[in-house]
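Chemist: Sequence:
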Amino acid sequence: MNDDDELWVDSADRKVALRALAEHREAEHLTTTEHDRRQDLVQGAQTRADLRALFADLPSPHPLIGEERDAWEATPGSRPVADTPDGRSNGTGLVLGSGGVVVLGALLAGWWVPAILLACVVVVVTVLVAAH
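The sequence shown finishes on residue 419 if you use this note's numbering, and the numbering steps up by one all the way, no holes.
It should be emphasised that the hints constitute simulated quantities derived from the structure, not laboratory data.
These numbers were taken from a predicted model, which means no experiment stands behind them.
Honestly, I wouldn't trust all of these hints.
Claimed, not checked - Pair ranges (Cβ atoms, derived):
id, residue 1, residue 2, range
1, ASP344, ASP297, 22 to 30 Å
2, PRO348, ASP327, 53 to 61 Å
3, ASP291, HIS316, 22 to 30 Å
4, ILE403, TRP295, 51 to 59 Å
5, TRP295, ASP327, 15 to 23 Å
Yeah, the Cβ is synthetic: ideal placement off N, Cα and C, and Gly gets one too.
Make the full structure from the sequences, and use the hints.
Modeler: Following this line, the structure appears as structure tokens:
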């Protein structure tokens, strides 16, 4: 039993538990009926021990609940990494975002042909930036 088992469950704990239940359902560790029953129990859980008990009879991995989840999220290697090995963004989002705004503006202004041409340019530049 963990030290934090009697602490109240928060919405993040419930989300983690629901996601884990869905994974166990996909892996066919749970029937649809049992999955649905446990989903209801997640919504009614009051303590972290209540949530952990829902996974006691299931194979690993078990969801990280409470302080375990917080520590995992704070671990540098546990978060999604940036687009490049050195940790910097490669600019794809900037190209897509700014290009999308320009294309949307052209469409709203009624400039259909320029909007289509701009969209093609944005796609090509995005592919080139992402490949670099």
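Chemist: Next, verify each hint and record whether it holds.
Modeler: Evaluation of the provided hints:
1. Remark: the range hint 22 to 30 Å for ASP344 to ASP297 is upheld by a beta-carbon distance near 24 Å.
2. Restraint check, PRO348 to ASP327: a C-beta distance of roughly 22 Å breaks the suggested window 53 to 61 Å.
3. Between ASP291 and HIS316 the beta carbons are some 25 Å apart, a value that agrees with the proposed interval 22 to 30 Å.
4. At roughly 54 Å, the beta carbons of ILE403 and TRP295 sit within the given window of 51 to 59 Å.
5. In this structure the hint that TRP295 and ASP327 lie 15 to 23 Å apart at CB holds, the actual value being about 18 Å.
Checked against the numbered hints given earlier, this structure breaks only hint 2.
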